[in-house]
Amino acid sequence: MNTIATRAGSFLFLPADRLHRLEKALASGAHMVILDLEDAVAPDAKHGARAALHEQWRHLEPAARMRLAIRVNASSTPWHEEDCTLVERLTSDGLGGVVLAKSESPTPLGELAQRASGVPLLPLIESAEGLAALDLIARAPGVARLLFGHLDFQIDLGLQCGTDERELDAVRLAFVMASRRAGLPGPVDGVTVELQHMEQLESDTQRSKRFGFTGKLCIHPNQVTTVNASLGPTTTQVEWARRVLAAADEQQTGAFQFEGAMVDAPVLARARSYLQFSS
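Residue numbers (the numbering used here): 3 to 281.
If you're looking for bench data, these hints aren't it; they were derived computationally from the structure. Any given hint could be a false lead.
[As the list claims (entries may be wrong)] Each computed EDC-like pair below joins lysine to aspartate or glutamate, with the alpha-carbon atoms no more than 20 Å apart:
{"no.": "1", "residue 1": "K211", "residue 2": "D166"}
{"no.": "2", "residue 1": "K211", "residue 2": "E169"}
{"no.": "3", "residue 1": "K48", "residue 2": "E63"}
{"no.": "4", "residue 1": "K211", "residue 2": "E196"}
{"no.": "5", "residue 1": "K211", "residue 2": "D251"}
{"no.": "6", "residue 1": "K48", "residue 2": "E83"}
{"no.": "7", "residue 1": "K48", "residue 2": "E84"}
{"no.": "8", "residue 1": "K26", "residue 2": "E83"}
{"no.": "9", "residue 1": "K211", "residue 2": "E261"}
{"no.": "10", "residue 1": "K211", "residue 2": "E252"}
{"no.": "11", "residue 1": "K26", "residue 2": "D46"}
{"no.": "12", "residue 1": "K211", "residue 2": "D171"}
Taking the hints into account, I'd like the entire structure generated from these sequences.
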């Protein structure tokens, strides 16, 4: 599966009952916008949000629809069925993805895959139960990427993480390993709630990148530029990649020395990935 959802680095949440902000969200530079029917919408506003979204969808350009995902309520909630009915209606009209909140089992994903055939599914893991089923969820039909809801995860386990969130190191590694075993792109890390200090956002995003995450959730348009820049390769890395690939073309050998280091197939693969993400 090769879609915007599998390649995206930045995912911006937008409450589905605030569609007047959709144009701004799409113009933010976010690779995908997640229209949130779950936590961001009060229970008594969910029905109206669904109706408004369905109405506005027909006015959207195809290119915009491809960048939109809908976060549906968990399968255990009374709103899940109506959310899935909306998703089913929009599936043939270019819906870019579906985020399933509080994913804890492959079963609801399999059911959703049947109703939203061909639409990338993005399960959001937010609990110990979800972590325990991570490999099964990653291999469920239609799943394109794993998303880490690290704030709810901390609440579920009663964790009190420090600013660096070292307590979640093993969990983040588990996401990357499960994604690799299932043949999925790198997973998508959780939000940074700090909105005033971009230094924290940049630090969080760099940590995600070091762990092997290739995407991050955003809660404000002002976060998008920093996330996109932090997830991508540095200027130094891009320049090195161009030099080493040029040297490889000249060498025409399996392995060679370059700038004091040994270069082989894995090194060249890393160089190509830098240029891919810089384009």
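### Query
Given the hinted pair K211 and D166, is their alpha-carbon gap at most 20 Å?
Between K211 and D166 the Cα gap is close to 14 Å, so the pair holds against 20 Å.
### Message
K211 and E261 were given as a pair; does the straight-line alpha-carbon distance stay at or below 20 Å?
### Response
Cα-Cα ~25 Å, so violated.
### Straight-line alpha-carbon gap K48 to E83, limit 20 Å
Given pair K48, E83 holds - Cα atoms ~12 Å apart, limit 20 Å.
### Query
If you draw a straight line from the CA of K211 to the CA of E252, is it 20 Å or shorter?
Violated, at about 31 Å.
### Task
Would you mind confirming whether the straight-line C-alpha gap from K48 to E63 stays at or under 20 Å?
Violated, at roughly 24 Å.
### Straight-line alpha-carbon gap K26 to E83, limit 20 Å
violated, 29 Å
### Message
Just to be careful, I want the Cα atoms of K211 and D251 compared with a cutoff of 20 Å; is the pair within it?
### Response
violated, 29 Å
### Query
Between K48 and E84, does the CA-CA distance stay at or below 20 Å?
Roughly 10 Å between the alpha carbons, so the hint for K48 and E84 holds.
### Task
For the pair we were handed, K211 and E196, check the Cα-Cα distance against 20 Å.
Holds, at roughly 19 Å.
### Proposed proximity, D46 with K26 (alpha carbon, max 20 Å)
violated, 26 Å
### Query
Given the hint that K211 pairs with E169, does the C-alpha gap stay at or below 20 Å?
holds, 17 Å
### Message
So if I understand the rule, the pair passes when the alpha-carbon distance is 20 Å or less; does K211 with D171 pass?
### Response
Distance of about 13 Å is within 20 Å: holds.
Hints 3, 5, 8, 9, 10 and 11 from the list above are not met by this structure, while the remaining hints are.
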